[in-house]
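There are 2 protein chains.
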Amino acid sequence: MPKKNKEGITVKKDENFSEWFSQIIEKAEIVDIRGTAKGFMVIRPWGAEIIENMYKLYEKELHKKGHKPTFMPSVIPEENLKKESSHVKGFTPEVFWLKEINKEKLALRPTSETLYTPMFKLWIRSHRDMPMKLYQRGSVFRLDTKSTRPLIRTREILWIEAHDAFATKKEAEAQVQEDIQITENVMHQQFGIPFLPMKRPTWDKFAGAEYTIGSDVLMPDGKLIQQPSTHLMGQKFSKAFNAKFKDEKGKEDYLWTTAYGPAMSRILVSVISMHGDDNGLILPFMLAPYQIVLVPIFNAQNKSKVIKYTHEISNKLKCYRTYIDNREEYSPGWKFNEWELKGIPFRIEIGEKEVKEKKFTLFSRLTNKKDLISIKNLSKIDKLSKEFDKNLIKKADKFMDGKIEDCKSQEDLKKIINNGKIARVNFCSTDSNGEKCATYVEKELIAEVRGTYANKNESPKGKCIICSKKSTDIVYIGKSY
Amino acid sequence: MPKKNKEGITVKKDENFSEWFSQIIEKAEIVDIRGTAKGFMVIRPWGAEIIENMYKLYEKELHKKGHKPTFMPSVIPEENLKKESSHVKGFTPEVFWLKEINKEKLALRPTSETLYTPMFKLWIRSHRDMPMKLYQRGSVFRLDTKSTRPLIRTREILWIEAHDAFATKKEAEAQVQEDIQITENVMHQQFGIPFLPMKRPTWDKFAGAEYTIGSDVLMPDGKLIQQPSTHLMGQKFSKAFNAKFKDEKGKEDYLWTTAYGPAMSRILVSVISMHGDDNGLILPFMLAPYQIVLVPIFNAQNKSKVIKYTHEISNKLKCYRTYIDNREEYSPGWKFNEWELKGIPFRIEIGEKEVKEKKFTLFSRLTNKKDLISIKNLSKIDKLSKEFDKNLIKKADKFMDGKIEDCKSQEDLKKIINNGKIARVNFCSTDSNGEKCATYVEKELIAEVRGTYANKNESPKGKCIICSKKSTDIVYIGKSY
Chain P
1 MPKKNKEGIT
11 VKKDENFSEW
21 FSQIIEKAEI
31 VDIRGTAKGF
41 MVIRPWGAEI
51 IENMYKLYEK
61 ELHKKGHKPT
71 FMPSVIPEEN
81 LKKESSHVKG
91 FTPEVFWLKE
101 INKEKLALRP
111 TSETLYTPMF
121 KLWIRSHRDM
131 PMKLYQRGSV
141 FRLDTKSTRP
151 LIRTREILWI
161 EAHDAFATKK
171 EAEAQVQEDI
181 QITENVMHQQ
191 FGIPFLPMKR
201 PTWDKFAGAE
211 YTIGSDVLMP
221 DGKLIQQPST
231 HLMGQKFSKA
241 FNAKFKDEKG
251 KEDYLWTTAY
261 GPAMSRILVS
271 VISMHGDDNG
281 LILPFMLAPY
291 QIVLVPIFNA
301 QNKSKVIKYT
311 HEISNKLKCY
321 RTYIDNREEY
331 SPGWKFNEWE
341 LKGIPFRIEI
351 GEKEVKEKKF
361 TLFSRLTNKK
371 DLISIKNLSK
381 IDKLSKEFDK
391 NLIKKADKFM
401 DGKIEDCKSQ
411 EDLKKIINNG
421 KIARVNFCST
431 DSNGEKCATY
441 VEKELIAEVR
451 GTYANKNESP
461 KGKCIICSKK
471 STDIVYIGKS
481 Y
Chain X
1 MPKKNKEGIT
11 VKKDENFSEW
21 FSQIIEKAEI
31 VDIRGTAKGF
41 MVIRPWGAEI
51 IENMYKLYEK
61 ELHKKGHKPT
71 FMPSVIPEEN
81 LKKESSHVKG
91 FTPEVFWLKE
101 INKEKLALRP
111 TSETLYTPMF
121 KLWIRSHRDM
131 PMKLYQRGSV
141 FRLDTKSTRP
151 LIRTREILWI
161 EAHDAFATKK
171 EAEAQVQEDI
181 QITENVMHQQ
191 FGIPFLPMKR
201 PTWDKFAGAE
211 YTIGSDVLMP
221 DGKLIQQPST
231 HLMGQKFSKA
241 FNAKFKDEKG
251 KEDYLWTTAY
261 GPAMSRILVS
271 VISMHGDDNG
281 LILPFMLAPY
291 QIVLVPIFNA
301 QNKSKVIKYT
311 HEISNKLKCY
321 RTYIDNREEY
331 SPGWKFNEWE
341 LKGIPFRIEI
351 GEKEVKEKKF
361 TLFSRLTNKK
371 DLISIKNLSK
381 IDKLSKEFDK
391 NLIKKADKFM
401 DGKIEDCKSQ
411 EDLKKIINNG
421 KIARVNFCST
431 DSNGEKCATY
441 VEKELIAEVR
451 GTYANKNESP
461 KGKCIICSKK
471 STDIVYIGKS
481 Y
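Line by line, the protein sequences give chains P and X.
So the first sequence is numbered by this note's numbering: it starts at 1 and just counts up by one.
So the second sequence is numbered by this note's numbering: it starts at 1 and just counts up by one.
One or more hints might be untrue.
Heads up, the list lumps identical chains together, so a pair's fine if it works in one copy or across two of them.
As the list claims (entries may be wrong) - Calculated pairs, SDA-like style, for lysine to any residue (alpha carbon to alpha carbon, straight line, at most 25 angstroms): (1) K56 / K356; (2) K38 / I404; (3) K421 / V11; (4) K68 / S22; (5) K27 / L122; (6) K12 / M400; (7) K105 / L143; (8) K56 / P289; (9) K479 / I375; (10) K38 / L122; (11) K64 / S314; (12) K68 / R321; (13) K65 / I313; (14) K369 / E100; (15) K408 / D325; (16) K403 / N315; (17) K60 / A263; (18) K244 / E329.
Hints are computed from structural coordinates only; laboratory data are not their basis.
All chains, full assembly: derive it from the sequences and hints.
Right under this line is the structure:
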């Protein structure tokens, strides 16, 4: 019987983030990379329950914003996938193809514009049929040619994609803004992940989009990871599929479409990385599979009354996801480590003393402190749970303090990004004219021009940090995944 | 503006069920079969919301019974899929293969025993790690070689599959029984679909199982459709994958596994077919995307007070999924037809009279009757909604009355199954000795031997209805999908 402490993380997050991440996803039983095809993962129950909670909160917000669910096929006929020229150019190298069936060529969907647009064409006749705001929950498949990494770069992604159609460009652009707000409401305000909404340079937009706004999240190792992105497709796909509608005056026009794609399995990377510490995961209260674990501490003599009192408390916490850990083969210390590793927000410890005094000991995973609380004040947990998430967000926001630095010289730039920060610089251009300088940044500094800050309209003062030509934009540069 | 009534179903369910079904899934906007690959479907928002509700209720029950979620890859390496010999033989013809990537051969999962078993092998060391009860929600893919039919026979199936591992055969067999109970608790008691738990003859069991118990549902056209099935895999897969554990005495043994697979997209076929009528869908209260639709009936003069009163009522119904249909471009009659077609359990009509008398008119989709109810009695809806589902189930159960008939001669048998009923007959054998007679039934009567009634231990009295040899079983024969 394993009486000794469960083996925890053996490296410090600050010292070796990459190894810390690998250990935490294995030891907290989030994923398993063994026993399956390269680039595919098994999500274990602990990871799956977190992802289920993420899905629920995301879907709730999408519903609130007027989206309706759909289930599209996982496959796309080749002729559809190839309808929009820049889309096919961008995605073809990443496509998994099925072996032909009666000469029919099918791709596993890498993204679903070419599934939704032909349906919009069938379902929308007039401006009155819009806005049509749809989403689906499911997998997409991308044959990443770079090396794969569990959760971070995988060949199957657990995501949501929303596809919306509008009668005017103005409404479509408003949707792109709403999508950024959804990311803010869910990923930041509920999951505690701050992000920079970056309008991507032309060369980095979604294949087939007019423009793309990605949500860049800074990881503890100073690298940026792209989280949900939203795209103004404009009329590119509707023209490719000849998807038209009649406006108020009876005039025909092509649909205006947008797409938004939050990937749960990828956002989980940020949740783990942003909040976790050397002892393991720290989960937002709203995402934790168990929000409160109750650990009765007993011996043969007091077992029955300790267990009874534990159930008494647990019964009063029915509106939370709770678990009573009364396994006898593990010591209390082993259990404490286990639940700290797994990121449980609150642990309630109950022993002889607590029973006698009609109290309970509450351990918070965020402060790592214990409080002895009277059972009369049990309802305080509601307030404490809200504070837990609020403080978790505050802590994550604080991590971003000072992480963006203005810089004027290439030397500065190098220093800043090598320090795990984001550089804010004057840049010649984010249209194709600027690609040469961006390539220089990529090759010489192993960093990326992530784009301009969406909606900020920042005006550059000075010359391009790379080519010294007149600058038209202020861009953000950082290392990235 | 479409002032005229929305076009409803143009055939009677009793007279042409197949056409009725095709019309209802199109006109109630459940699925769309256009614009995608053969055998794949687009599930539209109305269908998707019903399926989402089905998933939620099913997953809730699985959690209650101790199952935990997982996400397995959608692909299976060929070497894994081919480990268990009867499994590979049964499934290979139905597999979609991906084009090889660096010589790696991957199948789209047709079912996931060969994904779960290698993980059980990694996760389970001792009897203390069990029972391990896992499930996943997702698609499976089967290249059906027969003709495909929307929802009924498709190449991508939206399903749940539960895979469980146990230390003893006894526990595994108890799980098979629990699975039947889950079908009863969810599909029958919540979705209102009565079924016969049929232990399949040897020749019809799941490829790789020791035995299979399928849930047969009689459709209005007198054909049986297989709904959730549960399988005792025994040690077949654990032996193929060498997945062992140590029992209480430290002795090694192979795991005992089971699998259970309710397919949401397929159960929806039964929900539509069992409850619907000539006016359209009738949805169980628990499954309806909108449970109550409020239709204000107004003119230019009374518009504002009718709308205000409608909102007043709607605000008191916040614990339900409600929708206020105040679209001005459609007439009340058009809306009534629309919501009847879409199967809304209750419609609340509010006009001048209702406002004046502080009442509301409640239309029930099940009785097709209207009641004028005082707003003071609004809380009656809780009771009425429970009665709605109870009566829906009662009606479905009544449909089954007299649908099973004993018969002694082949002539009788022919008459019974051609009458859309199920024949209960003496049969020589449900092991391989009986396959010859079953083939005869299939060829001569275009019907199927569905198996013995699970857990009933019915003893045959008389000779096999086909070959006149000694009969060892009582089996049920019917036409099927």
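Each hint, compared with the structure:
1. K56 / K356: neither (40 angstroms within a copy, 42 angstroms between copies)
2. K38 / I404: Neither: 36 angstroms inside a copy, 52 angstroms across copies.
3. K421 / V11: within (23 angstroms within a copy, 68 angstroms between copies)
4. K68 / S22: Between copies, since 23 angstroms is at most 25 angstroms while 37 angstroms is not.
5. K27 / L122: between (49 angstroms within a copy, 14 angstroms between copies)
6. K12 / M400: Only inside one copy: K12 and M400 sit 20 angstroms apart there, 65 angstroms across copies, limit 25 angstroms.
7. K105 / L143: both (17 angstroms within a copy, 14 angstroms between copies)
8. K56 / P289: For K56 and P289, both the intra-copy (13 angstroms) and inter-copy (16 angstroms) Cα distances are at most 25 angstroms.
9. K479 / I375: neither (50 angstroms within a copy, 63 angstroms between copies)
10. K38 / L122: between (38 angstroms within a copy, 17 angstroms between copies)
11. K64 / S314: Result: close only across copies, 17 angstroms inter versus 32 angstroms intra.
12. K68 / R321: The answer is between: 14 angstroms across copies meets 25 angstroms, while 28 angstroms in one copy does not.
13. K65 / I313: between (38 angstroms within a copy, 23 angstroms between copies)
14. K369 / E100: neither (60 angstroms within a copy, 54 angstroms between copies)
15. K408 / D325: neither (57 angstroms within a copy, 59 angstroms between copies)
16. K403 / N315: So K403 and N315 fail the 25 angstroms test inside a copy (45 angstroms) and across (47 angstroms) alike.
17. K60 / A263: Both: 15 angstroms inside a copy, 24 angstroms across copies.
18. K244 / E329: Answer is between; shortest inter-copy Cα gap is 22 angstroms, intra-copy 66 angstroms.
In this structure, the hints that do not hold are numbers 1, 2, 9, 14, 15 and 16, in rising order.
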